[in-house]
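Start from the sequences, fold in the hints, and give me the full structure.
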Amino acid sequence: MSKTLTLYTRAGCPLCDEMAAGVGALIAGSGHRLVPVDVDADPLLKANFGWDVPLLFDGATEICRHQLNLPAFQEWLRAHP
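The working numbering numbers the first residue of the sequence shown as 241 and each following residue consecutively.
No lab work stands behind these hints, which were simulated from the structure alone. These numbers come from a predicted model, not from an experiment. Some clues are possibly wrong.
As the list claims (entries may be wrong) - Simulated restraints, written as ranges between beta carbons of each label pair:
| no. | residue 1 | residue 2 | range |
| --- | --- | --- | --- |
| 1 | 315 | 258 | 18 to 24 Å |
| 2 | 290 | 268 | 26 to 32 Å |
| 3 | 288 | 258 | 21 to 27 Å |
| 4 | 311 | 252 | 17 to 23 Å |
| 5 | 276 | 319 | 31 to 37 Å |
| 6 | 299 | 269 | 30 to 36 Å |
| 7 | 265 | 302 | 19 to 25 Å |
| 8 | 287 | 315 | 26 to 32 Å |
| 9 | 291 | 321 | 30 to 36 Å |
| 10 | 305 | 244 | 16 to 22 Å |
| 11 | 321 | 252 | 23 to 29 Å |
| 12 | 264 | 292 | 20 to 26 Å |
| 13 | 252 | 288 | 16 to 22 Å |
| 14 | 300 | 270 | 20 to 26 Å |
The beta carbon of each residue, even a glycine, is placed where N, CA and C say it ideally should be.
This is the structure we're talking about:
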(Lines of atoms letter the chains of each structure in order from A and count residues from 1; the text may use other names and numbers.)
(Lines give C-alpha, C1' and ligand atoms only; values in the text may rest on other atoms or scores of the structure.)
Protein backbone atom coordinates (compact mmCIF):
# COMPACT_ATOMS: atom_id res chain seq x y z
CA MET A 1 0.00 0.00 0.00
CA SER A 2 1.48 3.34 -1.02
CA LYS A 3 1.90 6.05 1.59
CA THR A 4 2.06 9.82 1.51
CA LEU A 5 5.01 11.25 3.40
CA THR A 6 4.96 14.85 4.58
CA LEU A 7 8.13 16.92 4.52
CA TYR A 8 7.83 20.04 6.65
CA THR A 9 10.13 22.58 5.08
CA ARG A 10 10.63 26.25 4.30
CA ALA A 11 11.86 28.17 1.29
CA GLY A 12 15.61 28.69 1.10
CA CYS A 13 16.45 25.83 3.46
CA PRO A 14 19.35 23.78 2.03
CA LEU A 15 18.82 20.96 4.55
CA CYS A 16 15.19 20.77 3.43
CA ASP A 17 16.27 20.54 -0.21
CA GLU A 18 18.77 17.79 0.64
CA MET A 19 16.18 15.74 2.51
CA ALA A 20 13.61 16.17 -0.27
CA ALA A 21 16.13 14.98 -2.87
CA GLY A 22 17.28 12.03 -0.76
CA VAL A 23 13.80 10.82 0.12
CA GLY A 24 12.61 11.40 -3.44
CA ALA A 25 15.39 9.20 -4.80
CA LEU A 26 14.72 6.45 -2.26
CA ILE A 27 10.98 6.28 -2.94
CA ALA A 28 11.22 6.59 -6.73
CA GLY A 29 9.15 3.83 -8.31
CA SER A 30 7.72 2.68 -4.96
CA GLY A 31 4.33 4.31 -5.32
CA HIS A 32 4.95 6.41 -2.21
CA ARG A 33 4.51 10.19 -2.47
CA LEU A 34 6.44 13.02 -0.86
CA VAL A 35 4.43 16.15 -0.14
CA PRO A 36 6.39 19.23 0.93
CA VAL A 37 4.60 21.59 3.32
CA ASP A 38 6.01 25.07 3.89
CA VAL A 39 5.74 25.76 7.63
CA ASP A 40 5.90 29.51 6.98
CA ALA A 41 2.62 29.33 5.04
CA ASP A 42 0.67 28.19 8.12
CA PRO A 43 0.90 30.15 11.40
CA LEU A 44 0.13 27.04 13.47
CA LEU A 45 2.87 24.98 11.80
CA LYS A 46 5.29 27.89 12.13
CA ALA A 47 4.47 28.15 15.84
CA ASN A 48 4.85 24.38 16.33
CA PHE A 49 8.03 23.83 14.34
CA GLY A 50 9.73 27.25 14.23
CA TRP A 51 13.17 26.70 12.72
CA ASP A 52 13.06 22.98 13.49
CA VAL A 53 12.98 21.86 9.84
CA PRO A 54 13.20 19.70 7.82
CA LEU A 55 10.93 17.14 9.41
CA LEU A 56 9.75 13.99 7.64
CA PHE A 57 6.48 12.43 8.81
CA ASP A 58 4.28 9.48 7.94
CA GLY A 59 0.95 10.75 9.24
CA ALA A 60 1.62 11.74 12.85
CA THR A 61 4.80 9.63 13.09
CA GLU A 62 8.11 11.44 12.78
CA ILE A 63 10.70 9.58 10.71
CA CYS A 64 13.56 12.10 10.43
CA ARG A 65 14.47 15.51 11.82
CA HIS A 66 17.01 18.00 10.40
CA GLN A 67 18.65 15.50 8.05
CA LEU A 68 17.85 12.23 6.34
CA ASN A 69 18.40 9.47 8.89
CA LEU A 70 19.13 6.73 6.38
CA PRO A 71 18.83 3.75 8.78
CA ALA A 72 15.51 5.03 10.14
CA PHE A 73 14.16 5.71 6.66
CA GLN A 74 15.32 2.33 5.34
CA GLU A 75 13.52 0.70 8.28
CA TRP A 76 10.38 2.65 7.34
CA LEU A 77 10.74 1.48 3.72
CA ARG A 78 11.05 -2.16 4.82
CA ALA A 79 7.87 -1.79 6.85
CA HIS A 80 6.07 -0.09 3.91
CA PRO A 81 7.26 -1.77 0.70
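>> Tell me the numbers of any earlier hints that the structure contravenes, in ascending order.
In response: 4, 5, 6 and 11
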